[in-house]
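Undergrad: Bring the two chains, given one by one in their own frames, into a single complex with the hints.
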Amino acid sequence: MKHRIIKFLKTPFACTFMAVFFGFMVACGILLVTGYSASYSMAIIFNSIFARPKFIINVILKSVPVILTGLSVAFAFKSGLFNIGAEGQYIISTVVSVITGIIFDFHPVIQIPLVIISGMLAGALLGSIVGYLKSKFGIHEVLTSIMLNWIALYTCNYVSMCERFHKPDSDGTYMINPSGYTLVLNNWKFSESGREFLKHNFILNDIILKTDFNLNFIFCVIICVLVWFLIYKTKKGYELRVSGLNPDAARNAGINVERNIIFTMVISGLLSGLAGAFTVTGTSSHNIQTLSMFENYGFNGLSVALISGSSPIGCIFAGLLFSGLLYAGQSLQYKIGAPSEIINILIGVIVFFVAIIRIVPILLNKYLEREENLNVK
Amino acid sequence: MLSNILIAISITLMYSAPLTLAAIGGVISEKCGVVNIGIEGMMSIGALAGATVGYFTGNAWLGLLCAGISGGLLALLHAIASINFRADQTVSGLAINLIGPGLAIFLSKYFFDGAALSLPVPSKLPKIINTKLLQDTKFANFNIDISVILALIIVLLTWFIMYKTKWGLRVRATGEHPAAVDTLGVSVYKIRYFCVIISGILAGLGGGTVTLAIISQFTPTAISGQGFIALAAVIFGKWRPFGAYFACLLFGFSQALVVILGGGEINISSSILAMIPYVLTIIVLILFVGRSSAPKASGIPYEKGSR
Chain A
1019 MKHRIIKFLK
1029 TPFACTFMAV
1039 FFGFMVACGI
1049 LLVTGYSASY
1059 SMAIIFNSIF
1069 ARPKFIINVI
1079 LKSVPVILTG
1089 LSVAFAFKSG
1099 LFNIGAEGQY
1109 IISTVVSVIT
1119 GIIFDFHPVI
1129 QIPLVIISGM
1139 LAGALLGSIV
1149 GYLKSKFGIH
1159 EVLTSIMLNW
1169 IALYTCNYVS
1179 MCERFHKPDS
1189 DGTYMINPSG
1199 YTLVLNNWKF
1209 SESGREFLKH
1219 NFILNDIILK
1229 TDFNLNFIFC
1239 VIICVLVWFL
1249 IYKTKKGYEL
1259 RVSGLNPDAA
1269 RNAGINVERN
1279 IIFTMVISGL
1289 LSGLAGAFTV
1299 TGTSSHNIQT
1309 LSMFENYGFN
1319 GLSVALISGS
1329 SPIGCIFAGL
1339 LFSGLLYAGQ
1349 SLQYKIGAPS
1359 EIINILIGVI
1369 VFFVAIIRIV
1379 PILLNKYLER
1389 EENLNVK
Chain B
17 MLSNILIAIS
27 ITLMYSAPLT
37 LAAIGGVISE
47 KCGVVNIGIE
57 GMMSIGALAG
67 ATVGYFTGNA
77 WLGLLCAGIS
87 GGLLALLHAI
97 ASINFRADQT
107 VSGLAINLIG
117 PGLAIFLSKY
127 FFDGAALSLP
137 VPSKLPKIIN
147 TKLLQDTKFA
157 NFNIDISVIL
167 ALIIVLLTWF
177 IMYKTKWGLR
187 VRATGEHPAA
197 VDTLGVSVYK
207 IRYFCVIISG
217 ILAGLGGGTV
227 TLAIISQFTP
237 TAISGQGFIA
247 LAAVIFGKWR
257 PFGAYFACLL
267 FGFSQALVVI
277 LGGGEINISS
287 SILAMIPYVL
297 TIIVLILFVG
307 RSSAPKASGI
317 PYEKGSR
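Top to bottom, those sequences are chains A and B.
When you read off a place in the first sequence, starting at 1, and then add 1018, the result is the number in my numbering.
When you read off a place in the second sequence, starting at 1, and then add 16, the result is the number in my numbering.
Looking at chain B on its own, in the form it has when it is part of the complex (with noise of 0.2 Å):
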């Protein structure tokens, strides 16, 4: 029994962590009023990048860092088609998560000699406690990858920057009334360009973890929904680091119950099994949640001197 609960912290927590940077992303892009649809494609390019990187360098954390470089990249894409072209934000984000996995896939291949795979990296993300300490007792399956850490890290910085400084007051603001920071001399634009940008570094970090800490290697299929399930999580959440960080571990709780119940007595289809994460939370979103809105100016690109 107490290792079932381990285990189930466990997975919680590793499945959790790539999709809390993703959706703490996306929180920040659409706190400042630029809607960031395309994590998915950040979070399939980071993964690339990481294992890439992490590969030929045989440095995890130097592919962690190009992980979080190239979503921010592509996040630059989308920060120039939504703000200067005032493009519509769904349209530009959903190409982004075209290009994303393609580029990563073929990039896969140009790297790896026509492999959909890359090789696996020699040394993955460390965990926070040695393994060979844990080894025998019934804590072994009980070990936490760094990017868990990291990850709530990331949430406590971004709640406390968001609601306790000038500059996440700002930032609340350019997404509920960009007018109104625009006449005290604060630049919309500058502040939606270092929004969107950190948001895609989250989320190529969050690709960058999948690939360098829980999997050690790319796959087409390693960021398989994560980002849209981070989308998912943003909206949950209410547009909170908080929310969105609980909706998070909902997720990853569930996908542990997966693994307990699939590795229990009961006779389940496996598919039936795999359908309860996504069935817990409409049913929590139907009991709990309820009407959710976004960050008013959230989607609608703006232009200097318009009312």
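Next comes chain A alone, as it looks inside the complex (with noise of 0.2 Å):
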């Protein structure tokens, strides 16, 4: 009994569990000690996420971009990489989808992949300057991301106020044409037949109606899967991991590193690039605004490809809690004036548990070593 209480107590998923829990234990005692009640507070957070299927379906919608740059950073480590450059390559997917979405007006069928592939296409390249700069001149992967992170921000800037695609007396661009739009019933739930039949269905009313409802997400789990597949399951997978774990040892087998670092970066830019052209397709405003700073996209998914353990699967379930606690944060600081930045506070530390409670499998490793030397006294 007690060999399979520590053995479940080693797996990955009750580490992380336990890092959640004192995550929050930790941010209810910031919130006790600077005065706000934390049972009450504790309450709000659950009851703004399932309080109404409203506010399920947006949580979910809003963890696509999250899981996606979450997976990209995942992916990038998997192979050794670093990929601190997933927000520039959100922001610069987001700046191409909203410039091929403006200027092409084809049919759905046509114009939607289009826009999400230009967008993917673009986060791909700036995770390929990476990786080529990585292997060609050894330019630490840090370095780069950190200035293009940057640059695809000015270039977010410079496209959002150009004459060309610049909406007169706002931050942003036009929205892009609604046959981009990978919204789902959009016409038809405005309609007046739509209107007519959702408002004798409360649940279906608030689910379709209320929010920016589509189908992203579901897209969003099966990459994850074809990702998980991609890594364990095939010889390319196998080869990046070698590559992670040991260069040199995958250099005497063979396999070419300097290669594979820049395949890792480019998927790990097409699956952050993805993530943008989501977030411009199926959510509004449709279309980009001047930033002061990072919106943290990309910096998100640092956190949840951390606290998942960089498991493809798990990035599903932590990008689920990311954005779930995002969500809460802002009606925290609507209901009972607290900062909404407890919930940054509450997802550092949780970080900060999943980086130290590694030592938790160490240490019952000694302990069952200490007894078994006992009992063989």
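Bear in mind the hints are in silico, worked out from the structure with no lab data behind them.
Do not rely on the hints blindly, as some may be mistaken.
What the hints assert, rightly or not - If the Cβ cut is set under 8 Å, some of the chain B residues that face chain A in the computed set are:
hint	residue
1	102
2	108
3	110
4	114
5	115
6	126
7	240
8	256
Just so it is clear, CB atoms sit at the ideal spot from N, CA and C, and this is done for glycine as well.
TA: Have a look at this one:
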């Protein structure tokens, strides 16, 4: 029995769960010290995620970009690269998707893939620059990524303000042509008959009319599974993992590590790019705006990847947790005036515990060893 | 022309001072074998502590001191995680980057009645030359913050200690081959704790100089990415104090270029201009810097008795 418990405690799932639990404890502590009711705050967080169908759907919709950027970071981690540039890849993808979405106006069957693929390619381009500079000149990927994040940010500002795309009297561009929207039943739900039908069905009304209802999450899950398959079930994935764990061994085994670096960064960029493209096509406001600071989709992806332990499937759950917390943070501020930054602290503490919880399996192993030694005596 | 050059020099120095402090912190931490990616978080908390203490006490120096201490405290967390708990240092550093800015804005809202901006400090850190003396001369724009001098001193001091004393040798050895240091009876843990905390103090000071010398209050965007630029400077400078200093100066200079070109007659979009520092950095990296390698044991937790 005891061994069973210990075995369970050593699993990644238990470790992550403990980290999340401790994170909440610390957040409650901070709230108490600064004079807010911890239990009430937790109730608000829970309520603002689960109380209405609309909330749940919104959390799911908002989780898509963080899951995908998280997946992008996790994928790069698996081959030993630290893709801090997911932020820039995300931004540049939104920029290019918006440009394509405004310039072209085909039938949705062509338009939607066109917008999404152009965004993905933009992300991949940024990723490939990082990969190329690393493999060709040995320039550290973190360095180029940080610089490219800023270049992407200012490109976004440039495009938002340039004459061709800028919408007068606003901070942003025009919206993309509606043929590029991936919203489900968008025309129907605002039509006479649609409104009439939804009026009598509260739940559907809440889900479809009150949110940017789309199916991106389903695609997102499929892609997570595909990436999992690529990493663990293909030859390429095996090569990537070996290159990540031990580049020298990989080289000796005849694996082209340099080419794999570029490959990894391209895929990683594609995934972050997909996150950006999905945001443009799937959620309002379907445009880009001047950014004074990073919006943190990419940086949140880092947290998601770390909480999930770089597991592609884990990213789905970590992303949902993340987006739920971010969503709840807003109502926390709105309802009891507690600064919404408590959520950032909460997430930070969770990540911190994810980092130090690795000691638990080590300690448990030591404990088991000691016990075995005693038994032998 | 002369005034342009003077402006360029003073902007270069002003912009690079906080970066330098933080980057030297990063160098020290990496030299002892602990990757410190949490500079951004430590700078943020330093910026908040500096502005808050500076506002409530009216003493900018006291503010700067507290900025250092707060950065050091956050670094202590990182040290505990990455030294005793053998955590993945990237993960723990990233956690610091989430906690630092979050906590800074949270506390700002707590101290200043729900405002993410602090109130301006009554007195900023002094400049090295009395402003009145310069007022009507050509040098009116050329007045250097005391933080610039502080940064330079820290660079020189770090270089001297790192390369000319036995403590420095120990630190560097800890980053390259901790087991060797351990066999000689020097505690790897102690050295690493010391270096990581110093690294946090310097990052905190860097944050403090932003809010106490450059702008005079804490804002949510006071530290917006400087910590990452400092991190980049560490790698750019090949993990050496002077290298990192040079990288920060280059960065400051390209910021000055942005200001001067922006004020010139050529009509370029400000967003394009703002890209210059980053594009320039990448070009310099390709042309002159090239392959870089971190201290060997950097990022690897040390376990006593492991081979």
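Undergrad: Against this structure, judge whether each hint is valid.
TA: Hint check:
1. The closest approach between the C-beta of residue 102/B and any C-beta of chain A is roughly 6 Å, which is under the 8 Å cut-off, so the hint is satisfied.
2. Proximity of residue 108/B to chain A holds as hinted, the smallest CB-CB distance being about 4 Å (cut-off 8 Å).
3. With 8 Å as the threshold, the beta carbon of residue 110/B comes within range of chain A, its nearest partner Cβ sitting at about 6 Å, so the hint holds.
4. Against a cut-off of 8 Å between C-beta atoms, the interface hint on residue 114/B holds, since the closest Cβ of chain A lies about 3 Å away.
5. The closest approach between the C-beta of residue 115/B and any C-beta of chain A is roughly 4 Å, which is under the 8 Å cut-off, so the hint is satisfied.
6. For residue 126/B, the suggested interface contact is upheld, since its CB lies about 6 Å from the closest CB of chain A, less than 8 Å.
7. Annotation: interface hint on residue 240/B holds; nearest CB of chain A at approximately 5 Å, less than 8 Å.
8. At a threshold of 8 Å, the smallest CB-CB gap from residue 256/B to chain A is about 15 Å, leaving the interface hint violated.
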